[in-house]
Each structure stands twice: as structure tokens, then as C-alpha cells.
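Asker: Once you have looked at the hints, place chain B on chain A.
Protein chains: 2
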Amino acid sequence: MIYLDNSATSFPKPKEVQKALNEVFTKYGANPGRSGHSFSLTSALKVNEIREDLASFFNVSRPEKVIFTSGCTEALNLAILGSVQEGGHVICSVNDHNSVLRPLFELKAKGVIDITVVEPENSARLTSKDIEKHIKLNTYMVCVNHISNVDGMEAELEAIGELCAQHCIYFLVDGAQSAGHAKLDMQKQHIDFLAIAPHKGLYALQGVGVLCYSPKVKLLPIKFGGTGTDSINVRQPLEAPEAFESGTIATPAIISLGAGLKFVKEHFEEIVSKLDDLTTYLNYELRNIEGVKVYTHPDNANGVLSFNIKDLPSTEVTSLLDSKYKICARSGLHCAPLKHKFNSTTYQGSVRLSLSYFSTFTEISKTLKAIKEIAKS
Amino acid sequence: MIYLDNSATSFPKPKEVQKALNEVFTKYGANPGRSGHSFSLTSALKVNEIREDLASFFNVSRPEKVIFTSGCTEALNLAILGSVQEGGHVICSVNDHNSVLRPLFELKAKGVIDITVVEPENSARLTSKDIEKHIKLNTYMVCVNHISNVDGMEAELEAIGELCAQHCIYFLVDGAQSAGHAKLDMQKQHIDFLAIAPHKGLYALQGVGVLCYSPKVKLLPIKFGGTGTDSINVRQPLEAPEAFESGTIATPAIISLGAGLKFVKEHFEEIVSKLDDLTTYLNYELRNIEGVKVYTHPDNANGVLSFNIKDLPSTEVTSLLDSKYKICARSGLHCAPLKHKFNSTTYQGSVRLSLSYFSTFTEISKTLKAIKEIAKS
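Protein chains in written order, with the working numbering: chain A, 1 to 377; chain B, 378 to 754.
Isolated chain A (complex conformation) (with noise of 0.2 Å):
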């Protein structure tokens, strides 16, 4: 099997993630931040440490501003729901996944914020020219997806992050695709929300996310319970991070979380030129191939890339890769309506090769070759 949906979730995962997974079995199987046994405290000092090694990769103020969620999705949620201003305006851009999305016209449809959708001028990157023009006096976010989902699309964030910050807009970054492979700094880039999806880019099991957040941001919980903090009180507590972590946390997926981003540390720049060298490769050659169409500008060489076949369904595409060549990618519009749209693929779809650090240059070639092969029938 080559396995090209590393957009959809990495696989395989560094031997070290499953090693330290093994660990919940025996050493953090208590559940922490509930009890004060040593066998808790464990497992909580573990979550704290991990806590702090992503506010450190991604230099977050403080390790408080990191909160776990279930995903990115959630992670999205939470800063789109939990800091909305009524009456506000937000801009938001064609790159933008329904994560993103859907939060906001579910906002927009009852009447409490105006969005703007920004349309990319530069065919490679989303730019604060782009951004700048739409700004209004009410306008109190921008959201930018650093890598999109469906072709590798890059925002220019360090930018965007300084038009945001003279203007006192809450800077909102989707890193789902980016966390790992691309470089992030929230305090560099004025990022004020930073939202990851770690089974991605940080090789972490499915069923955690993170967001982290700027000292500038004022948050409010949308999830209400136990937070083992303040207990007597029935009103939800507000201090960081607990308040935005009710419930028991996904210690498992922590753990995998703390592992993968090891790994991706000690090979961030392998990473990065891996993908670099394979997608430019890939993207070169799809390229030459008759009948072939790519979306993804070649300076996105970033692990995404999208293309079609002719007028081929991106569907038909996909499944011919699995069934003939067991090559694993993905087709349809990938939960981004906006872009597909904007590239004029809303009936085709397109059918996305995704890679991570385990891909290989044998498996871009082979998938080339039955590509090929493809076009020609």
C-alpha cells in the first residue's frame, strides 16, 4: 500500500508514538487533575510537561495559553465561539475549511456577526493585501488557513500578523496542515489563535487538538463540567487552561501528542525538506503528464497537492489509484467548499496526494507512473 491521505490523518506513526502509548497501560493509566495520588499526579505531570514543550515549539506566552480539545475542530470552535463579538465582522478567505466555516455562518445565520470571504489576487499565497482591503471599523478576527487543505495554498502570516496587530484584530491561524511542517511562531507571526490538529503534521493519535492563544485574548468557555478546580462552585471557573479543558482529558492522546512532536522536533528540518523535495518533484512531473491538470503553485512544495485528471470525476480517479495500484488519496471537495469553488472544481472534486516525513521518492514515483497510466486510458 502507498499511503498518500496524510492530510486526512498521518500514517504510518513513528515507532516512538506507539512505544509511548504503551505506557498509558502501566505508568499514566490514572486520570489526571482529579485526585491527588502520586499515581494521578503522574499522569498530570506528564500532560504539564507536554503542555510546556508545545508552548515551547510553538512559543506561546505561557504554557496556561495551551489548551487540549478533542480536535482541531474543537480547537476552532473555541476560539470562534468563545470569543465572538456581537454585532463584529470577520474575514475569513476561499482557503478556509468548514471548520472554520461552519462556525462562522452558523454565527452569521443568527444575526450576531458580518463575515467577509477573501478571494486570493497571487496565485501562491494568500497575502495582507489580500486581507487589508476588507478590514472595517467592526472587524475584530481574521482567520487564515497557513496550508490549505486542498492544494497546499500558503498565507504569508508573519504579514498578515502585523496588519492584524496594528489594528488591533484577533489574528486567527488554521494550522491543521502546517503544525510540523511548516514553521509556526506565535509571538513572531502576532498569532493570536493557533489551532492544530496533531494526528497530522505531529504523528499524534486521532482525538486531541490544541489551541493556543495570545495574552491580548479574551476567552470564554463553551463547554461546561468538571474541571477539578473550584469544585464547590456550579458556575463554570475562567482560569486558563482548565476552564476550557472540562471533563476528563484525553490523556492517550496527550502522550502520542508529546512523542510525535519529539520526533518532529529532532527531524523538523529533514521534514521540511523532504517535502519540499518530494511535492516539487511530484508536482514537476504531474505536470508533464498529458491531460493532467495541478492546482497547487509549485512554491507550495509543502506536502499538499491537488490536480485532476482531463474531466474525470476526482472520485473515479481516486478509486481507480486504490483499486488497481492500492495507492491511498483523497478526491472530492475535502470539507472545503470555498476553494473548490474558487478554482472551479465544485463538480469535479479534485484528487489530492498528501505526504509526511514517511513517503518516499519510490512511492511518488510509482504513484506518478500509475497516474500516468491513467491519463493515457
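Keep in mind that a hint or two might mislead.
To be verified - Below, in silico cross-link-like pairs of lysine-lysine (DSS-like), each with a Cα-Cα straight-line distance of 25 Å or less: (1) B:Lys670 with B:Lys639; (2) B:Lys670 with A:Lys324; (3) B:Lys487 with A:Lys108.
Stated by the list, open to error - Pairwise CB distance ranges, derived in the manner of DEER restraints: (4) B:Lys642 with A:Pro298: 53 to 61 Å; (5) B:Pro690 with A:Asn233: 15 to 23 Å; (6) B:Asp688 with A:Lys15: 51 to 59 Å; (7) A:Thr229 with B:Lys485: 18 to 26 Å; (8) B:Thr403 with A:Thr362: 16 to 24 Å; (9) B:His644 with A:Cys168: 37 to 45 Å.
Said to hold, decoys possible - According to the in silico footprint, chain A covers these stretches of chain B (three or more CB under 8 Å from chain A): (10) 384-392; (11) 565-573; (12) 588-595; (13) 622-628.
Bear in mind the hints are in silico, worked out from the structure with no lab data behind them.
Each residue gets a CB set at the ideal place from its N, CA and C atoms; glycine is no exception.
Answerer: Relative to the frame of chain A, chain B by itself:
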């Protein structure tokens, strides 16, 4: 180490759970419901099989009315916030955990609903009589904790369910402590919402919860994002289960739940009778120790038991149990403040011993010996 904190999370897990989990690194590594390739379908089919197993075990009308959440807290939040009726009235009880109380009191503080907190008249059971006298014209929901996480007090589900059905009121059961340890039957007990913490009595990993609901229920999503369905639409679809499972679900924890559920099904009678035996023995012997006050009624022999020693702070007792005897127990308020007010233990909290199928007679005897020594000194 003697682990008697199974109400926080069960430990150890059955070997079958660990074995099943290892398969997420091989067979079930893809993201279910997000791609069409066979590797993804293998995960999707497995998740669906577990959904069906849960529906069958709890007698849910249809598998799509079994929703995977991040935990029992999210399940309760979804039930309470997703079915809220403005201007309505909700009945809960002093047995409720903050995961029920805090979402309810959030709605009350916003002026959306009114709440009545019921105190049980009978010292062993929360009865339908306790509930009935508080039903008003605008009461639309009754929330009941099946087994109190503080002292194991049980609720008479079937009678309360019948009462709710007669009055066309939603009947919500918090099954956090009971699922896997006591009989739960959605249809026989007229339950409309059943929230479950699989990492407790179903021996799953932490990081997944379950909400089952009845055909009578009108439920709206509280989290918005990619569902893998109707991707062209920037508004949240409303079809279950996807509408309520936005984002990547916690497949590894769900797979562990599948294995845990299978284990429980195979050992159910044995589990119930073992918990009954050991709790009864523990309760009887504790009552014979001078200076010990037990809060658990002998009729509630379900594995959850609370006590105090004289006027010693409960934290001091668990601290001694931990440091001197390597016994893991929980002290404090256990996220259930109103129950402690009711038991007059707000200041002292209580020491909780909570059992699982893996607890042994020898462990209980050693624990009793330790408590005797502490009470004497």
C-alpha cells in the same frame, strides 16, 4: 499499588483493549469517513460496527442515534445545550455532577431556563416521587445521575422514565458511573438521552464519550465543522450521526471502546456480582471501624463508596493511604458540590473508594486494615 479510583478512570484495562489499540498502528490507521480508499473504509466499517454494538448493548432505537463525543462531559453538554428550550424548566438533583450542573447553571445565568434541584427523601434512592412534585407546565427535561459518583446513590430509572414519558418530558440519564456496571436499557427505561464515560466501566481509553438519544429528541449541533457529508454547504448539516461528530473522530479510543465493550458483555453478570460482593463487604467492615462514618447506603453496592474518619480532612486520609500504603483513593468534592452540601460534607469532602472488575478481595482487606490503622492513630 492498590488502585481504588476507578470512578475517575478504570485501571487496569483488560489486555484485550491494549491488543485492539495496537491495531490502530496497522489495520485502523486511516481517517474513517474522510476518504473513499479501502484503508479509510476499513476504519469506517470498524467504527460503525462499534456504534452498532453500543446501540445493541444499550437498546438504542437506531445506531445513528449513538454519537461519539470527546467524553461524557461533551455528551452531556450536547444533550443539554443542543436541546435547550428557551423559557423552559429543568429538574436535576443534588446527585448531579458539575458536568450536568455547570451547563444547566450557565443557561440559567443567561436567563434561558429555570432549574429545580431535587433532594432525595429516601436515603438509598432517588425516586420518581422526588421528581414528580417539582414538574411544572414548562418542565421539558429531567436530569438524573444513575449512580452518584460521590456515594453510589442510585436513581430509579424505570419509574422516573415512565413519569417523564407520561409528561412528554426529556429524560436525561448521566450514566458516567453506571455504564458497564449496571443495566441500562434506553427503551425499557424510557431514556431520551444517555451519556456515557467509556473510560470508566467500559474499560476504554480516555478520550471518547457517547451520547445515545431517543427518536423523540430534537437535537441541534453545538460544534460545527467538517462532517464528510454535504461538504459543499458552509452550513452544518443536520443528519445524525455526522452532524454531531464534526472533525476527525477519536478512532483509537473508539476502537479501545469496542474491545472494552466486548469484554464487559462477556463478563457482565460477573462484574455486577463482584462489585456487589466487594462493596457490601467494604461497607459492612468500614461501619465496624470506630470513628468511620460511611455515606453510602448498604443497598447501593455498585462499586462507589464514600466515608470519612472522624473530622479528619478527606485529603489527609487519601494522602496517608497513598504515601504509607500505596492505595489510590480520591478525596474532596468529586466535582459534585450539591451532594456534599446535602451530606453536610462540604468542608471535609469525603474519601471515595471506587472499584472495578479487577479489584480483589485481598485489596479490599488490605485497604480496610490501612483505614483501621489511620482511624486508630
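Asker: Decide, hint by hint, whether the structure agrees.
Answerer: These are the hints, each one checked on the structure:
1. B:Lys670 with B:Lys639: violated (38 Å)
2. B:Lys670 with A:Lys324: violated (70 Å)
3. B:Lys487 with A:Lys108: Holds, because 21 Å separates the two Cα atoms, which is no more than 25 Å.
4. B:Lys642 with A:Pro298: 53 to 61 Å: holds (55 Å)
5. B:Pro690 with A:Asn233: 15 to 23 Å: At roughly 19 Å between Cβ atoms, Asn233 (chain A) and Pro690 (chain B) fall inside 15 to 23 Å, so the hint holds.
6. B:Asp688 with A:Lys15: 51 to 59 Å: holds (53 Å)
7. A:Thr229 with B:Lys485: 18 to 26 Å: holds (21 Å)
8. B:Thr403 with A:Thr362: 16 to 24 Å: Since Thr403 (chain B) and Thr362 (chain A) have Cβ atoms about 21 Å apart, the given range 16 to 24 Å holds.
9. B:His644 with A:Cys168: 37 to 45 Å: violated (59 Å)
10. 384-392: holds (count 5)
11. 565-573: The restraint on the region 565-573 of chain B is violated, since only 0 of its residues have a Cβ under 8 Å from chain A and three are required.
12. 588-595: violated (count 0)
13. 622-628: holds (count 6)
Going through the hint list in order, the structure does not satisfy hints 1, 2, 9, 11 and 12.
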